Each structure stands twice: as structure tokens, then as C-alpha cells.
Amino acid sequence: MKTFFSAALIHVLYLTVGFLFLLPLWWALASSVRPLNDIFKYVSPFSLAALIPDKITFEAYRSIFFDRGFGIAVFNSLFVALATVLAGLGVNSLAGFAFAVLRFPGRNALFGITVLTFLVPFEAISIPLYTVVRSLGWLDTYLALIVPGVANGIVIFLFRQFFSQVPRELVDAARIDGASWLTIFVRIYLPLSKPVIISAALLIFLFQWEAFLWPLISTRSEGLKVIQVALAGFEERYRTLWNELFAAATVAALIPLLILLPLQRFYVQGVTAGGFKS
Amino acid sequence: MKALFLPPRASAIVVILCLWSLFLFTVSSHAATTIRWLTLSDGAWPDSVKKVIAAFEAQNPDIKVELDTYPFRDLFETIEVRMKAQDADVDLISVDVPLVASYSVRGYLAPMDEYFSKDDIEKTWVKPSWQAGTYKGSFMAAPQNSSSQFFYINRKLFQQYNVTPPKALEPGKETSYDEIASIAKNDRWTWDQVVDAAKKLTKDTKGDGKIDVWGFEFDQVSRLYQLQCLGESLGGPLVSPDGLKAEGYLNSNEWIKAAQWYSDLFNKWKVSPKNVSPAESPNLFASGKVAMFVGGEWNVPRFQEAGVDFAIAPFPYFSGGKPVTGTGSWHVGIAKASSHKAEAAKFAKFLTEEEQGSKIWFESQGQLPATQVLLTAIENAEKYRSFPNDAYLLGVYEARNTAVFRPVTPGYLQLEDIFFSTFEDIRNGVDPKVALDGAAGRVDRFLAQFK
Amino acid sequence: MKSRSEALVAYLMLVPAFLALAIFRFYPIAVTCWGSLCTESFVVAGKQIFVGLANYLDLFQDPIFWKSVWVTIKLNVVINPLQVCLALLLAVMANQRFRGIGFYRLLFFVPIGVSLPIACIVWRIMLDPNSGLIDSILAVAKIPAQPFLINQDQALWCIVAIATWKGASFWMIFLWAGLQDVPREVQEAAKIDGASQVQRFLRITLPLIKRPLLFVLVTDTAVNFLLFVPMFLLTRGGPSYSTNVLMYEAYKTGFVYGQMGKALAIVMVLLALVMVAVVAQFRLFQREQS
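Residue numbers (the numbering used here), protein chains in the order written: chain A, 1 to 278; chain B, 1001 to 1451; chain C, 2001 to 2290.
No wet-lab data here; the hints were simulated from the structure. Keep in mind it's a predicted model, so treat the numbers as computed, not measured. Built from N, CA and C at the ideal position, the CB exists for glycine as well. A couple of the hints might just be wrong.
To give an idea of the interface, some chain A residues facing chain B are shown, with a C-beta separation under 10 Å as derived from the structure [as the list claims (entries may be wrong)]:
no.	residue
1	R62
2	L82
3	S126
4	Y130
5	T131
6	R134
7	L139
8	F207
9	E222
10	A232
11	G233
Cut-off 20 Å, straight-line C-alpha distance, at most; resulting in silico cross-link-like pairs (PhoX-like, lysine-lysine) [unchecked claim]:
no.	chain 1	residue 1	chain 2	residue 2
12	B	K1346	B	K1051
13	C	K2067	B	K1210
14	C	K2142	B	K1206
15	B	K1050	B	K1064
16	B	K1245	B	K1451
17	B	K1156	B	K1289
A short list of chain C residues far from chain B (calculated; beta carbon distances all over 12 Å) [as the list claims (entries may be wrong)]:
no.	residue
18	V2009
19	V2077
20	C2085
21	L2086
22	G2102
23	A2141
24	N2151
25	P2183
26	L2208
27	V2276
28	L2284
29	F2285
30	Q2286
Okay, chain A solo, but in the shape it has when bound (with noise of 0.2 Å):
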């Protein structure tokens, strides 16, 4: 009786808060579905109405399609964020194995200024950034809204504090029989790391996902518009475009989601072969 009680609760404990997490994404989706005028319609005073739409048209989302190019700007944000993805692995694993393994004069020091670096918020650096890009001839490319997020920080610091725990032996190990530090790298750390690499590239992918000020100034053309620069378009100055603006806002959500969803298994690794504290 006990158990049952107490797996109840548990149960009703994940409910609440998973109900919680899901609340806002829930009425984003259902107002997305629903006629413009209706949205606010049920909200004041609130009722069950709000959340379950009773009239449902997908008109919003045809709109977003058809109307408004919002498809350009999903692979947009696709293209850039995986580019972005796949490039910033490579350069920030390196960098944070350097760091975590490698001995050098500077290291302390150059760490920490490259920590500093994620510290200086965008808006501040947004001008003489735009200058820079421009003089490369970058501007209102692919190339303006990748590159600049592929160096990042935080994901040196990640890979740097993730890598710092693997054991010293290992490595000590494989320089005895002979193997340069890149075959360290690649042979050793690299299949260790697959939890720490999907977080990384979660922050990567992310980070490009929700950029919205550097899209803003650094391209102009309709063909290279991102998400989250075309979901800021509803909001038009006499009106917002509410239900196209969920629909949109709805798509932009499920899609980070569908991508990390099947990737969760890689974070489960349940009993790891050997453990890392032997």
C-alpha cells in the first residue's frame, strides 16, 4: 500500500512539473491552430477553452509556407546551425583538449581569456563585428552567419572540463607505447566523450538556433533570412500576427526537440565499460 501511495506521488510529483514545461509550447501549438480573432477570445477569463481549440484550421501554417517563405528560413537555421555544428566540434574539442591534457607555458592564462571571451554579450560587439565581417566581403552570405559562432567559449570550456576527468594513466599509458597526441585525441578521448559532444553540439546548434541580432545586421536578402529573425516579421507595427507567429514559433520548437529527442540515448550509457574512477 505504502509503494503504491508513494509511486503515486512520484508520479503525480513528474506530472506537475513535467505539465509545467509543457504549458506554454502546449498553447503556442493550440493557438496556432485556432482563427486569429479567436486566440485571445478564451483566455479572459480563462478557461479549458484556451487550451483545447474547438475550431482547428491550419491556415497559419499555410500562410507561414506558402505566403511568407518561413520554409527558407527553417533550412536556413538547419543549414547554419548544422554547420556551424560540424565545424565547431572539430575546432572547440581540439582547443579544449589542449587545455585539459596538453602542457604548455600560457596555458592558465590563455584559458582564461578564452572563457572571458563568452562573458562580452553580442550587443555589445554587434557594430565593430559588422565592420569586421564586411571587410572580409562576407556580408549577406552563408559564411557571415556561420563562422563567427564556430570559436565559442563555452564549448572549449566544456570539452576542457569533460576531458579533464578522464583519467591521467590512460594517457600516460599510450605515450609509453608511442602514439603522437593526436592519436591520443582521436583514439582515446574522442569515443569517451559522445555525451559530451551531443552537449556541445546542443549548445552549438542552440546558440545558432536562437540568434536573432547578428541574422538581423548581417544579411539582408529575403534567401538567407533565419528563424528567428522571420518569427520577429509577424510582429508588424500596427498588429501582430498572432496565430502565424505560434504556428511558426511552434515549428521553430519542435524541431530542436525531434533533433535531441533521439539522441538522449547517448547520454544513457547505464554501466560504462570500466567506469572512470577505477
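We have chain A; now place chains B and C onto it with these hints.
Positioned in the frame of chain A, the structure of chains B and C alone reads:
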């Protein structure tokens, strides 16, 4: 070898294509100048603009106009970034009229005096419009259109609760400019009358302690553009004539009185809802939840589409004071770093001053024009005699008689920002005098740098 | 020789990252620092005039600036420990094994997909004092309707709640990944020893996830000091400047008022604050390590 000899039909097509490309090449190599215009992407704006551009390019085959469009809020930021970086790629920018001074002071705009003569300027536009485009004697930005403010009535609610509505422009009635002018002069409601009606029209229809129908609402709540008319109606300007001082103006007795009235709407009489943003507030009127709404003329098509049974009355004023309406909209200016100023000016002229361009713009976009010619045309045209087009006639009257422009000051952005947060505070219950005194001090700290 | 080649390899490995950082971070940051010592020319657009510390002096005399400093510190002292603790709690919850945990984990992940602006919009509607959901629920418990975002005493904490909604979920992932590395044998052994669940957690598990924990704490701190979107979308720094954090004040000063030099000075002050917090956190963890 065999592949070179195509069947006759195919080779004919190839030949035609080659000739066509040759033709295009010769035509386009006629060195066309391209000018870029940084402007809005909202709603129908780009489509209307493209119509004007098509007409312009037809007349000027060696100039091409390209658009860089952004939504309203992002446009301002983009202008800041690009102008500061001295982007030579931008030739024209859309200037929200109150920012003319700010952009001029910071060197974003190139003076247009050599392209527009003083005579031209005064003849083309109504005085408040072209004055607003001038800074320190130089013509910096040409008026593209203007705006006006109306008093919208939900007829159904007035009937339902048996309240007498003001005299207004109503559906199903034909009218004339003179008739409307008479209503505007003689039957304009005072704010007291508005509050009286609002009290009778604020209802808790479901009996659950929450108000479901509100008596009154502003369109752009707490924004300077909307509320300027309150203090001005009592005779109080917002800043000194040179635009460099707020102390004694923003917190003058007139403004404290206006602010107190504003506060009472939300806190004492409770006829207007708190926590509704400017973006959401038209939605409330459009869904029939508000009896009286004051706002821009651009709401007319919107309310029609939403199916509200509404009438349009002249904008209210404080009894003992004078009627004042907000106005002003978008201007267009030449970017200082542009390398094609003459061509840019040519287009600007076509769009704003010349009859052909400005007419296309007006007919497509429908916003109240700034040129005298168009205003007179509206006054006399048949199509503006019936609802809701007769609203334009009211707009013309207000533009000529009651329109007051926003204060010309290089510190406009800060003034507007502080005004908004101050009036939001007042709306939420902060004492008006305290709030305004603090605001005036803050604005002056900022304006000090311009002295 | 060996250490020299090791150093060489290290530098080579760092080159791609540092090259990119140099061009796209260090250089703009340097320009920014310089910019904070300048002010705009009124004659030539974009031209800078060196004014030394004038921007800073101007700031230090501005009561709004000091209010922003206070609001920023107040916000961060609360939100950082809160988010990290909640993230840890959620990670532990996500790490349990029972039927249906996969489904619950899914729900826990949802906020990651929802962008902060959308989250803000939805939460704002729910916190509406006229007729929002939260007030309706409070009414059931006979609690009077709260003003929430339009009240200067409550607004900041509402923002904390909204940011935590997203933050706790996001950082949970990293801590959960960290928990995966804690071998089950160690936990089992402690169970056999008779230690209670809480004791087990504090004595065994917690020390083993120190590194991911430090990462989360430092990064979350940096993110929260720079937090800006909710203030921008929900309160515009109000009511009565009660949510006017330094980052928002900097944004307003630079992008709305056009005083870039002064805005950059505010950013420099903000950076100094973050650095102090981050260094303190590093030290704290290092001490506990030894």
C-alpha cells in the same frame, strides 16, 4: 560532331535565346545606377512601394530602386547599425518623423536643400509636415505621408446599455467635408463626456468579479504619440521650443493635470484595462470588448475586417482647452554616406512631391497624405462621402486644423522612452507629480549633451 | 625536448580556435573597450572622439545606473543558485529508473525548444493581472489577484520565474550527462553501507559531478548577468526601473538613445561584475577540490 547538329526546332530556339541574351546584354549594359532604400516590411508597405518604383523606373530607365526591408522595430536598430558603420550601400532611409532631428544631429542624413527649393517645399506639403522634416533650417527628410487620430465608437455597446453616443460618421450615411467640419467644430466630445460614458459602459457581464467590457481604451497606450494630445490640449508643450529642456514643460501644471486624469482612468474610475500593451489593445476593440477607442486612422480597415459595428467621431479634448490631434508618419531621407545622392533625391521627389508618385502611393497604401494637392482632392472626391471612406475627410480636417507634431528635439528617442516608462508607472499607480518630476530630470540629463 | 614538442602540439591544436576567436571576438572586444572611452562625433557619423573616462564619470553620477547595478546584483544573487539547484534536482529526477521515466524526461526537455521570446509572451499572458491563469488559480485558494509584472516589487521575481522555467530545464541536461558518469557500483556500494539517500547524494554523487557542476554554475552565471530578453519583451526595465538590469540599460543607451560610448562603458562595468563572480566561483571549487 553529330551532337552539334541539333534538330531544326531546337536550333531555332537556341538561336532565339542567343539573340535575346545579346539584346538583354546591350540593354542592361546601359550602365544603370542602383539605389537602395532601407525601409519597412510591414503589411502591404512593400507592395505599395513597388508600385511607385515601377512607375518611377518606367520614367527613369537608368535608375533602379532596390529595397532592404525590415519589420518596424528592427528597422530602427538596423538604421543605427548601418548608419554608424557608414554603410555606403544605403542611399535612402525611411525616417520616422520624430527622429529627423536625432538623425540629423548624428550625421545620418544628407541635407536635401539643393534638390528641393524652399518654394517647392512650402507649396507641396502642409506646413506641420514639411516643418517636421526640417532641422536647423535645412530640409532633411521629405514627408511620405501623414496620419491622424480618430475616436472610434462601438455602436452595439452604446445601444445595448442605452448610452447616447457622440455625433459621428456612421455607416449608411452620405456626408460632405463641410458637414464633417461642422461636427468636428461643434459636436466634439470632451474628455469629461468620454469618462461619463465610459463609467456606464464598463461592465462585469459574467458576474465573476472580472470586467469583461471596458468603457474606454487608448490605441498606443502610454506612448508619446498617443498621449501628447492630452497635455497639449491643456496648452502644455512637452519640451522647450529649442527642444533642449524638459524641466518646466514635461512636469508643468498642465501635464500634471493630464497625467492625473490618465492615472484616474485606470486607478480611480477603472474604465480602462491595465497591462494591455500597445500591440494588443486594438485587438480588444476589434473583438468587441471595448466601447470607445482612440487611435490611428489605420485601424479603420482592420475594424471593418473584424466585423465590429463602429462609428468614427472626432478626437476628444479637455474642456477649456483646445482640440489637438497627433499626426506625422514616415518621411524619406538621403543617407549621408550614399554615393548616388542625386538619383536618390530624384526618387524621393517622385515618391513624395510629384503628383504621379505620391498619388500611386496614396491609392495603394491608403494612409493620410501630406501633400496639399492630395488633401484637396480627397475633400472634393465623390468616393470619400460614404462610410468608412469619409474618415479621410475627417483626417483632412484635423490635418489642417488641429494637428500637432511631436516635439522637435535631438533627444526624441530618449524623451519617448522615458515618457513611455513614466506613463506606464502612472498607469500602474505611481503619483503623477513624482513620476513627471523624475522624468523631466532624466530627460534633461540626456539633453545636456546637445547644448 | 619532450615538453617542447608537447607545447608545440598544444599551440597547433589551439590555432583554429584562436584564429577565429581573435578575428571575431578579441578584435571586436578591443574595439568595444576603446569605444567605451569615446563618444560620438556630432559632425561625422560614426566618428569617435576620445574622451577618456568621461563616459564612466557620467555613469557614476547617474542614479539610474546605480539602480541598475543594484537590480543586477539582486537578480543574480537569487537566480544563479536557484537555477543550478533546480537543475540538479531535475537531473536527479531524470536519472531515476522507473516505468514512464522516458516520457517524463521528454516533458522536462520541452523548454529547450521553446525560444525565450515565445516563452516570455506566453508567460506574460498567464501572469496577466486582469484575467490570467495564475490569478484564476490563486482565486481558488482565496488569494487576491496579484499584479505580477506591473508591480515594482513583484516584476523582477516574475522574470526570475520565467527565466528559471527555461534555465532549469536547459542546464539539467548537462548535469544529467554528468550524473551518467557516476558509476552505479559506487552508488550501490554506499547503499549497502546503509547510508541514506540524501547522505549518499551529498557525500558520494555530488563530489563526483564537480566538474560539470562548475561548468553549469559559471556559464549560467554569465548568461544570467547578461540576461536581457525578458526585460526587453516584458517590462522594458520597469515598472519604475525595478527590472532595469545593466544589460538592458546598456542596450537602451546604445541602441535606443544612440550613445554608444556610454553603453559600452556600462558593458565594461557589467563585465567586471561577471568576472568577479566567475573568479569567485572558480576559487570556491578549487578550494573544495583540495
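**Q.** Check on G2102/C being off the interface with chain B, judged by Cβ distance over 12 Å
**A.** holds (39 Å)
Q) Holds or violated: is the Cβ of N2151/C farther than 12 Å from all Cβ atoms of chain B? A) Given that some Cβ of chain B is not farther than 12 Å from that of N2151/C, nearest at about 7 Å, it is violated.
Q | chain B versus V2276/C - minimum CB to CB distance exceeding 12 Å, so not interface | A | holds (28 Å)
Q: So, R134/A near chain B? Judge it on the closest CB pair being under 10 Å.
A: holds (7 Å)
(Q) Just to be careful: measuring from the Cβ of E222/A to every Cβ in chain B, is the smallest value less than 10 Å? (A) Nearest chain B Cβ about 9 Å off; hint holds.
Q. Does the CB of L82/A sit less than 10 Å away from some CB of chain B?
A. Violated, because the Cβ-Cβ distance from L82/A to chain B comes to roughly 25 Å (cut-off 10 Å).
Q. Against chain B, with CB atoms and a cut of 10 Å, does the hint on L139/A hold up?
A. holds (9 Å)
Q: Run the C-beta distances from V2077/C to all of chain B and say if the shortest one exceeds 12 Å.
A: Given a closest Cβ separation of 25 Å, the condition holds.
**Q.** Cβ separation check - L2086/C to all of chain B, threshold 12 Å
**A.** At roughly 28 Å from the nearest Cβ of chain B, L2086/C sits farther out than 12 Å, so the non-interface label holds.
Q. Close enough to count: is the Cβ of T131/A nearer than 10 Å to one in chain B?
A. Hint on T131/A: holds, closest Cβ of chain B at ~6 Å, below 10 Å.
Q. When you look at the beta carbon of V2009/C, is every beta carbon of chain B farther off than 12 Å?
A. holds (40 Å)
Q: Decide, holds or violated, for the assertion that all CB atoms of chain B are farther than 12 Å from the CB of A2141/C.
A: holds (15 Å)
Hint compliance for this structure: hints 1, 2, 8, 13, 24 are broken, all remaining hints hold.
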